[in-house]
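Read top to bottom, the protein sequences are chains A and B. Numbering-wise (numbering that gives the first Met the number 0), the first sequence opens with residue 0 and increments by one. Numbering-wise (numbering that gives the first Met the number 0), the second sequence opens with residue 0 and increments by one.
Keep in mind the hints are simulated off the structure, nothing from the lab. Hints should not be assumed to be uniformly reliable.
Stated by the list, open to error - With a straight-line Cα cutoff of 25 Å, these simulated SDA-like cross-link-like pairs (lysine to any residue) come out:
id : chain 1 : residue 1 : chain 2 : residue 2
1  : A       : Lys78     : B       : His167
2  : B       : Lys94     : A       : Gly229
3  : B       : Lys94     : A       : Pro278
4  : A       : Lys91     : B       : Thr73
5  : A       : Lys78     : B       : Arg100
6  : A       : Lys91     : B       : Ser75
7  : B       : Lys120    : B       : Pro154
8  : A       : Lys78     : B       : Arg325
9  : B       : Lys94     : A       : Lys78
10 : A       : Lys78     : B       : Lys190
11 : A       : Lys78     : A       : Thr145
12 : A       : Lys91     : B       : Gly261
13 : B       : Lys94     : A       : Ala16
14 : A       : Lys78     : A       : Arg13
15 : B       : Lys94     : A       : Gly240
16 : B       : Lys120    : A       : Lys91
17 : B       : Lys94     : A       : Thr244
18 : B       : Lys94     : A       : Arg133
19 : A       : Lys106    : A       : Thr252
20 : B       : Lys94     : A       : Lys106
21 : A       : Lys78     : B       : Phe155
22 : A       : Lys78     : B       : Asp214
23 : A       : Lys78     : B       : Val210
24 : A       : Lys91     : B       : Phe43
25 : B       : Lys190    : B       : His315
26 : B       : Lys94     : A       : Thr252
27 : B       : Lys190    : B       : His167
28 : A       : Lys106    : A       : Arg32
29 : A       : Lys78     : B       : Pro154
30 : A       : Lys78     : B       : Ala48
31 : B       : Lys190    : B       : Phe155
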Amino acid sequence: MPVQVTSEVVGLRRTGAYHHLTLLAPGIPEATRPGHFVAIAVGGEGSGMLLRRAFSIHRVTPGGPAGGTVEVVFATHGKGTRWLADRRRGDKLDVIGPLGRPFTLPKEPVACVLVAGGYGAAPLFMLSEALRARGCRVDMILGAATEDRLFGVLEAKRSSASVTVTTDDGSAGIRGRVTDPLAEIVRASDADVVYACGPMPMLASVAAVAADTGAHSQCAVEESMACGIGVCMTCVLPVQGVDGTTRMVRSCTDGPVFRGSDVRWADVGTVPAGTLGAPVAGGH
Amino acid sequence: MTVHTPVPGPGAVDMSSALGRLVMPDPVLTASGCAAAGRELAPFLDLRAIGAVVTKSIMLEPRSGRPTPRMAETPSGMVNSIGLQGPGIEEFIAKDLRWLRERGIRTVVSIAGGSVQEYQKLAQRLRHEPGIAALEVNISCPNVESRGQVFACDPFSAGSVVQVVRRHSAPDVPVLAKLSPDVTDIVAIAKSVLDAGADGVSLINTLLGMVIDPDTMRPTLGGMTGGLSGPAIRPVAVRAVWQVHAAFPRVPILGMGGIRTGQDAFEFLLAGASAVSVGTAVFNDPHAPARISAELRDILAARGFASLSDAVGLGHTMQARHVAARDARRAAQEDTP
């Protein structure tokens with residue numbers, strides 16, 4: 000059950016092109032699972048920016064007399080995230096979490112490949128820890144446009160069986176996309192599951208490669224949200240259900256983690272024909 | 000109405016509110032389309048304590064809604080183009096309405112249709128469903144039988160919809176018509192729906208808006224245009240409530256449009272609303288309806304109101320007194336040689 004709390008900024012630092020924010024957020028760490036996110040109000044009381052910004056949870060540290068901490072990693076995209084990047088220690092933020100459906104963990108100690116684009120790596124370290132606690136082998140692929148947009152390479156090296164880095168410009172690791180080495184790594188580790196977080200086109204490619212290699216994929220999507228709690232119907236995407244029917248589902252409450260094979264990646268941003276309740280010729 | 004003389008000093012305020020036959024212990028409701036069917040707000044808000052949950056407009060059939068992007072943030076507001084995504088009336092009754100009823104949550108069901116007949120079928124289908132405190136008729140939909148003209152923008156179409164809904168729904172369930180501000184004369188539309196049998200009006204729906212992305216140089220929203228909501232539209236809403244209350248002082252008004260604080264809600268009461276809905280503010284703060292109610296109670300108490308109903312429409316009385324006093328002063332000055 001998510002909670003709405005007034006949380007205190009206890010840390011905010013730059014890491015490469017990103018900002019790493021640590022919040023004292025009583026009640027949230029205990030309930031957080033890998034893949035959950037928080038929704039933060041921006042701009043202060045009475046702000047003209049009404050919509051919450053959603054961030055996947057990087058790490059939680061439960062306990063402590065003042066309550067546990069929640070960490071998120073973000074890039075400055077616009078006014079809201081720039082405001083957030085200007086916070087100081089001791090500032091108060093209105094935070095709701097944990098939200099969404101987390102990653103599903105395998106029951107058996109199977110090999111897993113974790114793939115991230117940019118700061119999409121943030122939620123994968125909690126996941127890696129949970130997987131390794133179950134005896135799973137974890138290989139990671141971290142990609143970004145440029146070296147300063149990579150996140151967590153050192154931490155990945157400490158915690159994974161192997162780490163492969165890709166950049167679009169070749170400034171670090173292999174020049175190319177995360178999906179270039181993916182098939183080979185899945186085969187080499189005989190992985191059963193590919194977990195991914197990053198931009199939509201990357202997730203679409205990861206899901207396709209995973210399907211080709213016979214692995215399951217679990218993708219955490221990044222759709223723009225207004226509320227994060229399931230009331231605004233803004234963050235929808237076309238997802239095929241077990242009954243074969245495509246529905247426009249909310250990435251905040253039905254996701255952000257989806258099975259890669261269920262999302263109609265090529266149709267994201269549209270209402271594909273045949274979707275439940277889609278407009279038909281002649282009107283509704 | 001009786002002229003209320005504020006008594007200074009705080010005291011217990013009777014916060015009960017009535018919209019015709021719908022009597023609520025609290026004057027703050029959710030707004031249609033901003034609370035889904037209530038369930039998602041339950042972790043943040045005691046849904047039994049607020050005035051009522053106003054559900055997202057439901058249509059006869061399941062509806063996918065529009066493509067994304069569906070939302071753009073604007074100064075003190077947002078533009079949305081959801082396109083009435085919903086499960087259709089049958090699933091709504093079986094799941095959402097049942098969930099609300101089982102918890103004893105006062106529920107105002109918002110209905111929407113593409114033709115007069117669709118509204119009629121919705122009213123008939125809901126007629127014998129228990130647990131409906133009121134119907135809110137969302138008439139800001141294109142009429143497929145009239146070249147897509149929005150019902151709310153034409154007095155005849157607006158009246159036709161309300162007439163069939165009133166005729167085919169349970170007689171003891173109040174019918175509120177939700178009006179669009181995108182009209183030349185909202186009082187004329189209000190007259191039409193009241194003549195057609197509406198028990199009250201909900202003011203206002205969103206304003207039609209558009210945002211163009213400077214990077215792509217084309218409209219941001221998948222549906223191109225969308226509804227503007229949030230504090231940016233509050234003065235438009237207050238004006239609409241004021242005008243309709245001035246024309247029909249005894250008609251119950253559910254006021255909405257950018258309400259974010261108790262003071263905002265107070266403004267709507269003064270303009271003539273008997274209760275208020277909180278919409279976009281819920282996206283920012285899911286606890287907002289309860290917070291706004293508490294802030295409103297404190298404002299009323301500080302100003303010495305014994306009862307919330309004493310503030311309804313008081314702005315008109317105060318303005319009339321102000322004008323009378325000014326005229327008396329002028330007359331006195333003219334009499335002085």
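Taking each numbered hint in turn, which are not upheld by the structure, reported in ascending numerical order?
-> The structure conflicts with hints 1, 5, 8, 9, 10, 13, 16, 18, 20, 21, 29, 30, although it agrees with all the remaining ones.
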